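Asks: Sequence:
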Amino acid sequence: MSQNPLQQFFRQPKIYISLPSKGVFNQPGTLAGSVENMPVYGMTGMDEILIKTPDALYSGETTVKVIESCCPVIKNGWDVSNLDVDLILTAIRIATFGNLMEVEHVCPGCKTTNDYTLELSKLIDHYTACKYDNKIVLKDLVVKLQPLTYKQITEFSIKNAQLQQRIRQADKIEDDKERAETMNALFKDIALVQNEALSTSIESVEVGNTVVSERTYINEWLENCDKVIFDAIKEHLAKVRAEWESPTHPVECPECQHQSSITIEMDNSSFFASA
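What the sequence shown shows, in the working numbering, is residues 128 to 402, in sequence order.
Quick caveat, the hints were computed from the structure, so don't treat them as lab data.
No experiment lies behind these values; they were computed from the predicted model shown.
We treat Cβ as the ideally placed atom computed from N, Cα and C, and that holds for glycine.
Among the hints, erroneous ones may be present.
[Claimed, not checked] Taking lysine to aspartate or glutamate pairs in the DMTMM-like style, the calculated list, with each CA pair at most 20 Å apart, reads:
hint, residue 1, residue 2
1, K315, D298
2, K361, E330
3, K366, D260
4, K238, E379
5, K202, E163
6, K262, E370
[To be verified] So the derived label-pair ranges between C-beta atoms look like this:
hint, residue 1, residue 2, range
7, L325, E175, 46 to 52 Å
8, E333, K249, 33 to 39 Å
9, E382, L325, 20 to 26 Å
10, N287, K354, 19 to 25 Å
11, E392, L325, 23 to 29 Å
12, E382, C352, 53 to 59 Å
13, Y344, K258, 24 to 30 Å
14, P140, D252, 32 to 38 Å
15, E175, K266, 51 to 57 Å
16, I389, Y344, 44 to 50 Å
17, P199, Q291, 32 to 38 Å
Model the full structure from these sequences, guided by the hints.
Replies: Take a look at the structure:
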């Protein structure tokens, strides 16, 4: 096949990043190169159309398609570590619109709405410096963790959203007994989803010289383990999530000099709304 004469006008990579959690990519064929010094391209016109499609945003399909379009190394965006998604999206925005982002912020002191210009490269530095702590030592147990994939975290989020919607509907049931029974059943379903997410975050459990990685055994252990162990795992995962959250940016109100901070919301519809 002859070379497209317009190829010289194709978009070029604008930024290079390395995924700090090294991704997940458990399935063969999901990568076409290394996630070290990975090239990131700006969005195409089609990508911008996808970003404005509400249904695709809700399902996660938009994020996956944009990642695959702008990061050609990644062939399956669903298999990306959820911890790396914000870093990738920040890099894509920089590659598309540049390093600076205008953000509105209402001063908590005088209630004045101010505009601030933030450097997104500081987000890149934050995420790149994060280290994934994947082990918990609990007396005679060593629990090895694994980050959830973007597909897994999206599925759990959708399940939770659906259950929350059902709870709001159940709260309108007039009969007290029926409402209470329905609510109890829904709360049990929420607990099951949370436990499933917790179990999926565990790659293996080491006991002496034995390494247990069978999902059935891990699920059974979580259902029957001591509360101290269960809580320690939850707290460790919560700590990891907190460390990988978007950092705050200190700002000062020009009207009253009140000091506050801004957190950039990683919501695709607003994060990629404009330059």
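Asks: Which hint numbers does the structure go against, in order from smallest to largest?
Replies: Per hint list: 7, 9 and 14 violated.
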